[in-house]
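Asker: In case you want the letters, here they are:
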Amino acid sequence: MAFDPDTLSPNDFAAAAAAAIAASAHGDLSHAARRLADDGLLGILAIEEIGGLGLPESFAMPVLSAAGAARSTFPLLETIFAARLLQGRLPDAATALVAGEALVSVAWSGEGSVGSDDDGVRLDGVVGRASHADKAAFILLATDDGGAAVVSTGSAGVDIRPASGIDPDRPAFELHLADVRVSTENIVSAEEWQAFRLACLQGWAALILGASEACLAMAEEHANTRRQFGKALSANQALRHILARQKLVLENMRAALASCFEAPSSSLQMRSRAAFLAAVEGGVFIIEKSIQIHGGMGFTWDMPLHRYLRWVRDIQAQADADHVLLDLADDFIAQVA
Amino acid sequence: MTLAAPLRQPRDTAPEELSGAALRSHARSWLDSNLPAHFRTDRLSPEKPSIDETIAWEAAMHRAGLVGITWPKAYGGFGRSLREHLVISQEIGRTAMPESLNSIGKELAGPIIQAVGTEEQKLTYLPAILEMREIWCQGFSEPEAGSDLAALRTRAERDGNVWRINGQKIWTSGAHNSQRCLLLARTGTVEDRHRGLCLFAVPMDLPGIRVNTIRSIDGKDSFCEVFFDNVEVDEKDALGLPDEGWNAAIRVLGIERATNRMHRAWRFDSEIAHLVSACKSDPRLSALLDDGYYRRRIGASVGDAEVLKSYVETVVEALVSGESIGSRGSLAKLHWSEAHQRFAALAIELLSKASLPHGDAVKAAIARFETIYLHSRAETIFAGTSEIQLGIIADRILQLPKGK
Numbered sequence: 001m002a003f004d005p006d007t008l009s010p011n012d013f014a015a016a017a018a019a020a021i022a023a024s025a026h027g028d029l030s031h032a033a034r035r036l037a038d039d040g041l042l043g044i045l046a047i048e049e050i051g052g053l054g055l056p057e058s059f060a061m062p063v064l065s066a067a068g069a070a071r072s073t074f075p076l077l078e079t080i081f082a083a084r085l086l087q088g089r090l091p092d093a094a095t096a097l098v099a100g101e102a103l104v105s106v107a108w109s110g111e112g113s114v115g116s117d118d119d120g121v122r123l124d125g126v127v128g129r130a131s132h133a134d135k136a137a138f139i140l141l142a143t144d145d146g147g148a149a150v151v152s153t154g155s156a157g158v159d160i161r162p163a164s165g166i167d168p169d170r171p172a173f174e175l176h177l178a179d180v181r182v183s184t185e186n187i188v189s190a191e192e193w194q195a196f197r198l199a200c201l202q203g204w205a206a207l208i209l210g211a212s213e214a215c216l217a218m219a220e221e222h223a224n225t226r227r228q229f230g231k232a233l234s235a236n237q238a239l240r241h242i243l244a245r246q247k248l249v250l251e252n253m254r255a256a257l258a259s260c261f262e263a264p265s266s267s268l269q270m271r272s273r274a275a276f277l278a279a280v281e282g283g284v285f286i287i288e289k290s291i292q293i294h295g296g297m298g299f300t301w302d303m304p305l306h307r308y309l310r311w312v313r314d315i316q317a318q319a320d321a322d323h324v325l326l327d328l329a330d331d332f333i334a335q336v337a
Numbered sequence: 338m339t340l341a342a343p344l345r346q347p348r349d350t351a352p353e354e355l356s357g358a359a360l361r362s363h364a365r366s367w368l369d370s371n372l373p374a375h376f377r378t379d380r381l382s383p384e385k386p387s388i389d390e391t392i393a394w395e396a397a398m399h400r401a402g403l404v405g406i407t408w409p410k411a412y413g414g415f416g417r418s419l420r421e422h423l424v425i426s427q428e429i430g431r432t433a434m435p436e437s438l439n440s441i442g443k444e445l446a447g448p449i450i451q452a453v454g455t456e457e458q459k460l461t462y463l464p465a466i467l468e469m470r471e472i473w474c475q476g477f478s479e480p481e482a483g484s485d486l487a488a489l490r491t492r493a494e495r496d497g498n499v500w501r502i503n504g505q506k507i508w509t510s511g512a513h514n515s516q517r518c519l520l521l522a523r524t525g526t527v528e529d530r531h532r533g534l535c536l537f538a539v540p541m542d543l544p545g546i547r548v549n550t551i552r553s554i555d556g557k558d559s560f561c562e563v564f565f566d567n568v569e570v571d572e573k574d575a576l577g578l579p580d581e582g583w584n585a586a587i588r589v590l591g592i593e594r595a596t597n598r599m600h601r602a603w604r605f606d607s608e609i610a611h612l613v614s615a616c617k618s619d620p621r622l623s624a625l626l627d628d629g630y631y632r633r634r635i636g637a638s639v640g641d642a643e644v645l646k647s648y649v650e651t652v653v654e655a656l657v658s659g660e661s662i663g664s665r666g667s668l669a670k671l672h673w674s675e676a677h678q679r680f681a682a683l684a685i686e687l688l689s690k691a692s693l694p695h696g697d698a699v700k701a702a703i704a705r706f707e708t709i710y711l712h713s714r715a716e717t718i719f720a721g722t723s724e725i726q727l728g729i730i731a732d733r734i735l736q737l738p739k740g741k
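Residue numbers (my numbering), protein chains in the order written: chain A, 1 to 337; chain B, 338 to 741.
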């Protein structure tokens, strides 16, 4: 199925994506994968030759925002970007991802030690923060030469162990690698890996934007309907100003993300980092304040606000937001004479 | 006068066929070539630009096609697109130069006159603003009507062919250097609140107008109180009918708040670069650029500036696409003013750790950023305080219910 980006706009996808993601929420990850694949969302960026839609990155953003709002537990960001990354080097794996026949996980922390001998490329070490790794067919992990590698979870020497994590909806795992053998096609160059991570910064920003919009909507609804002292909570200036500040940072996030796709290539890296940082900082602010506005109800397990908060905090750790901030500063400092 | 020679030439307008990168290149090279050395805010200079020099400089900017970019050609503008306005604003922002002496004329009065003025008023007022023959001030706030403009008491009463004005304005920036005042006065009663308000273009040399300067926290005579004692304003200087002018002004300002001073996003960026550059010139400060604490704070300011640039660009694209931007200007103003204050505080804190004796680059940075820091305290107050902006966001964007 091919789409013409000249006649479609990214937002044309938003409503359809929201419906598809809602439909995929009932059932396990395999069920979700098939539903999302049937709706074309897993291959939105992948080339047509492997079953993708071949659309620009901006088209993935409303889809990811819809997933963020719906608290989708499916590893959508990982699948969308990994399918594009692997389409040239491992077309069968990429095709399986786009078709919803296989799951991919990314180990966001740690690096595998890469070496080579007469038998090929060898990986050792421990990597972590790999959500749903127990159900994945492939793991994408950073290597100590600046690049990355794709490892089949069934490979000899791969030991997947549950790890502690703040987000129970996306259980985290560690991978212990001992003399794991991969072919050269499984090796991702440093340049490709950096581009992948940069695209993920935008994708995370879109996920958090959707999650934050959902939480602010809940806070507004509660503040407008909950009555105390004879009037709605939102009639109190203190709460009106908190809600207004939440809206301010939400629109900061939206503007910063949108500008990534309008900016010249020379400023893409800076804009992507800024968009991600605005999203993490803003998302945490919005969700924490939404819990506060809900009072005791906001502190309950049944209110999903904590689930959004856990997810955003998990993304903050996966992306190493502090490192992103330092990179942003260092690049700026370096370019000043 | 020490202005560069090209400033005295009659016309140096950007050719109409220039657009995109060529227009940017023209603006950049013109500013680099023509900005007098003592106008540069990132360098030490024993002399400061005088009022006359500033007027000459801004008039030259207009002749070069860098002011009045989107205004109609019939009124002295250049009839360019909003995207072209953005390009030129980016270049003005990147240049370390003083803010306009006539920003009220160019950013407030001009757009309002274009919206509600008669043809004669447009032909009279607008070219005079762009050519710097008339500097404008804004007579809105009063001692008892600051954020609550609807409570203003300055009265305008019809008396034959004139309007007779009595009252007092305050926080009127630059009134002592202005030739005209965009005056908001009441034709009805205070109980009428937002009704019965009329806008005037008052010549500041009329009998009965008295101006007292007020020293601001940066040590400058930045703003004034202005007294109107039986001032007779010609009816031709009324902007629209009572109610009409003010209501139209509110509509216009909704857009203007988002699009005027677009340059400040890129000025913010260039200020951060200036701070980093000054730090690199100093051994102790240079070492602090490797310190994680300061790197993170610089990174946060860079991120804030990028968000502000994103706001400006997305608003321009929205307007070009014909979208309504509503009260989005309040978002950008609130973000900018608070982020700029954080950056200014960082700048003076960092520079206070400079090696002794200070080198010229550090001296220039200290002089600039101490001024910016003090002035930035006003940025969350003028043009609607942060609290007013939050109220606008709550009322008009979120549309939260009021009362019970």
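Everything labelled a hint here was simulated from the structure, so no lab data went into it.
There may be inaccurate statements among the hints.
Here chain A is said to cover these stretches of chain B; the calculated rule only asks that three of the stretch's residues, wherever they fall, bring their Cβ under 8 angstroms from a Cβ of chain A [unchecked claim]:
| no. | segment |
| --- | --- |
| 1 | 459-467 |
| 2 | 630-636 |
| 3 | 640-647 |
Computed list of lysine-lysine pairs in DSS-like fashion (alpha-carbon distance at most 25 angstroms, straight line) [said to hold, decoys possible]:
| no. | chain 1 | residue 1 | chain 2 | residue 2 |
| --- | --- | --- | --- | --- |
| 4 | B | K617 | B | K700 |
| 5 | A | K289 | B | K739 |
| 6 | B | K690 | B | K617 |
| 7 | B | K739 | A | K231 |
| 8 | A | K231 | A | K289 |
| 9 | B | K700 | B | K690 |
Beta carbons are placed, not taken as given, at the ideal position from N, Cα and C, and that holds for glycine.
Asker: Please go over all the hints and tell whether each is borne out by the structure.
Answerer: Outcome of the hint check:
1. 459-467: Coverage by chain A is violated here, the residue count being 0 at a Cβ distance below 8 angstroms.
2. 630-636: The restraint on the segment 630-636 of chain B holds, since 4 of its residues have a Cβ under 8 angstroms from chain A and three suffice.
3. 640-647: Three-residue rule met by the segment 640-647 of chain B, so holds; n is 5.
4. B:K617 - B:K700: Distance ~13 angstroms between K617 of chain B and K700 of chain B Cα, so the pair holds.
5. A:K289 - B:K739: holds, 20 angstroms
6. B:K690 - B:K617: Holds. K690 of chain B to K617 of chain B sits at ~13 angstroms (cutoff 25 angstroms).
7. B:K739 - A:K231: holds, 9 angstroms
8. A:K231 - A:K289: Holds, because 20 angstroms separates the two Cα atoms, which is no more than 25 angstroms.
9. B:K700 - B:K690: holds, 12 angstroms
The structure does not agree with numbered hint 1 stated previously, though it agrees with all others.
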